[in-house]
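Student: In case you want the letters, here they are:
2 protein chains.
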Amino acid sequence: MNDTAAPLPATDRTRIRRVAENARYDRATLHAIIDAAYLCHVAFADDKGTHNIPTACWREGEHLYIHGSNGGRMVKWLLQGAQACVTITHLDGLVLARSAFNHSMNYRSAMVYGRFEPVADKHAALAALMDHIAVGRQAEIRAGNDKEFAATTVLRISLDEAACKVRSGAPVDDAEDMLHPVWAGVLPLVQVRGAPVADTRNTAPVPSYVAAWAAQPA
Amino acid sequence: MNDTAAPLPATDRTRIRRVAENARYDRATLHAIIDAAYLCHVAFADDKGTHNIPTACWREGEHLYIHGSNGGRMVKWLLQGAQACVTITHLDGLVLARSAFNHSMNYRSAMVYGRFEPVADKHAALAALMDHIAVGRQAEIRAGNDKEFAATTVLRISLDEAACKVRSGAPVDDAEDMLHPVWAGVLPLVQVRGAPVADTRNTAPVPSYVAAWAAQPA
Chain A
0 MNDTAAPLPA TDRTRIRRVA ENARYDRATL HAIIDAAYLC HVAFADDKGT HNIPTACWRE
60 GEHLYIHGSN GGRMVKWLLQ GAQACVTITH LDGLVLARSA FNHSMNYRSA MVYGRFEPVA
120 DKHAALAALM DHIAVGRQAE IRAGNDKEFA ATTVLRISLD EAACKVRSGA PVDDAEDMLH
180 PVWAGVLPLV QVRGAPVADT RNTAPVPSYV AAWAAQPA
Chain B
0 MNDTAAPLPA TDRTRIRRVA ENARYDRATL HAIIDAAYLC HVAFADDKGT HNIPTACWRE
60 GEHLYIHGSN GGRMVKWLLQ GAQACVTITH LDGLVLARSA FNHSMNYRSA MVYGRFEPVA
120 DKHAALAALM DHIAVGRQAE IRAGNDKEFA ATTVLRISLD EAACKVRSGA PVDDAEDMLH
180 PVWAGVLPLV QVRGAPVADT RNTAPVPSYV AAWAAQPA
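Line order of the protein sequences matches chains A and B.
With numbering that gives the first Met the number 0 applied, the first sequence has no gaps in its numbers, which climb one by one up to 217 at the end.
With numbering that gives the first Met the number 0 applied, the second sequence has no gaps in its numbers, which climb one by one up to 217 at the end.
Treat the hints with caution; some may be incorrect.
Just so you know, same-sequence chains aren't split out, so a pair can sit in one copy or run between any two.
Under the rule of at most 20 Å between Cα atoms (straight-line distance), these lysine to any residue pairs were calculated in the SDA-like manner [unchecked claim]:
{"#": "1", "residue 1": "LYS146", "residue 2": "PRO117"}
{"#": "2", "residue 1": "LYS121", "residue 2": "ALA44"}
{"#": "3", "residue 1": "LYS47", "residue 2": "ALA119"}
{"#": "4", "residue 1": "LYS75", "residue 2": "ARG192"}
{"#": "5", "residue 1": "LYS121", "residue 2": "LEU38"}
{"#": "6", "residue 1": "LYS47", "residue 2": "GLN79"}
{"#": "7", "residue 1": "LYS121", "residue 2": "ALA99"}
{"#": "8", "residue 1": "LYS47", "residue 2": "ALA81"}
{"#": "9", "residue 1": "LYS146", "residue 2": "SER103"}
{"#": "10", "residue 1": "LYS121", "residue 2": "ASP145"}
{"#": "11", "residue 1": "LYS146", "residue 2": "MET177"}
{"#": "12", "residue 1": "LYS121", "residue 2": "GLY135"}
{"#": "13", "residue 1": "LYS121", "residue 2": "LEU78"}
{"#": "14", "residue 1": "LYS47", "residue 2": "GLN82"}
{"#": "15", "residue 1": "LYS75", "residue 2": "ARG107"}
{"#": "16", "residue 1": "LYS146", "residue 2": "THR28"}
No wet-lab data here; the hints were simulated from the structure.
It should be emphasised that the depicted structure is a prediction, and the values quoted were computed from it without experimental measurement.
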């Protein structure tokens with residue numbers, strides 16, 4: 000369970016069959032995809048059917064963390080042990096091939112299967128979320144009070160049943176299509192950081208993590 | 000069902016309770032969120048549990064379309080009538096509030112509930128996908144042959160049970176926190192188009208939709 004250098008075992012659910020050469024089962028790839036994300040999509044079923052909820056996420060060690068209001072549907076059902084599938088997808092570009100059916104996308108995706116468990120130390124976990132957003136900010140903000148913490152549930156899911164799929168690079172066409180006279184290549188898509196927008200009532204100086212924001216790739 | 004000017008009815012599944020002021024039930028918002036996306040996350044359950052699969056999507060009228068290999072798990076179960084929840088989320092920024100628990104994100108998300116149905120006219124549907132990627136390209140590529148079309152299933156889901164949630168703008172803090180001495184504002188995230196990368200073996204001239212790519216916001 001804790002051999003983080005070993006590849007993730009492929010289970011009935013995580014063994015990738017479609018374009019299997021794009022499958023990645025190493026934890027370094029899984030960690031990088033999660034760490035590059037601010038949100039994930041959490042799928043689970045309740046008495047009304049299957050749901051798919053976007054929510055903030057972060058990673059600590061071999062767990063993916065989320066949080067939510069105690070009264071929300073997602074928190075309620077995940078706490079009751081509903082099986083979840085958490086997916087993160089970064090889209091990196093459109094792949095324009097010479098033939099229609101070889102068109103593709105470049106992407107990095109991660110899927111995590113399992114059941115969430117409640118996190119007892121909510122203070123430490125939500126401080127880690129703040130660090131994921133902006134290192135140093137946790138010490139500057141008005142900290143959560145007992146009432147706010149009491150209304151919030153923090154949950155985590157083990158990364159032990161997970162798989163990634165990554166595609167990058169040029170189109171792959173069939174040999175007999177290589178002379179078809181159409182432009183082939185990649186149209187990149189990139190998530191970038193825009194210039195920070197201060198609140199109109201802000202009077203505080205710009206902290207270093209805000210000043211540095213737009214200079215870095217997201 | 001076809002009154003596209005009327006708001007979407009809120010059902011047990013689509014009525015938004017958390018931060019309900021961010022809910023949107025108008026079809027114009029729903030269409031805009033889908034049309035701005037190249038991919039969605041499709042949640043459904045099979046005999047192995049709940050899954051959450053990223054896949055290309057596009058819209059025609061009041062349906063969201065996807066496609067996939069006939070042999071894949073997703074196509075197989077959706078064709079059997081598995082209930083699905085399709086979610087699209089565009090992340091627009093991190094919202095830095097003065098207090099920990101008022102931090103948020105700016106985003107545009109759409110959720111669609113229902114069951115997919117097979118699309119008989121795969122040629123027309125996949126031409127619409129190509130138009131979503133690059134208008135004009137459909138006439139230039141090596142078209143799909145009978146074998147390729149036969150191996151692919153196109154599915155669509157009605158937009159009749161759907162809801163959107165949109166947050167934009169500045170942080171919203173409690174009145175008593177407004178003087179807390181910390182920077183407050185938004186750190187924007189933007190999906191942008193990078194410079195096209197021609198395949199190393201490309202010999203075709205650059206079409207207008209490729210030339211125009213990097214000049215437009217994604």
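Student: Does each hint hold? Answer for all of them.
Tutor: The hints, checked one at a time:
no.	hint	in the structure
1	LYS146 x PRO117	within (18 Å within a copy, 50 Å between copies)
2	LYS121 x ALA44	neither (25 Å within a copy, 31 Å between copies)
3	LYS47 x ALA119	neither (29 Å within a copy, 30 Å between copies)
4	LYS75 x ARG192	neither (34 Å within a copy, 39 Å between copies)
5	LYS121 x LEU38	within (19 Å within a copy, 33 Å between copies)
6	LYS47 x GLN79	both (15 Å within a copy, 19 Å between copies)
7	LYS121 x ALA99	between (50 Å within a copy, 13 Å between copies)
8	LYS47 x ALA81	both (13 Å within a copy, 13 Å between copies)
9	LYS146 x SER103	between (48 Å within a copy, 18 Å between copies)
10	LYS121 x ASP145	within (11 Å within a copy, 57 Å between copies)
11	LYS146 x MET177	between (64 Å within a copy, 19 Å between copies)
12	LYS121 x GLY135	within (18 Å within a copy, 53 Å between copies)
13	LYS121 x LEU78	within (15 Å within a copy, 42 Å between copies)
14	LYS47 x GLN82	both (15 Å within a copy, 10 Å between copies)
15	LYS75 x ARG107	neither (30 Å within a copy, 24 Å between copies)
16	LYS146 x THR28	neither (38 Å within a copy, 35 Å between copies)
When each numbered hint is compared with the structure, violations occur for hints 2, 3, 4, 15, 16.
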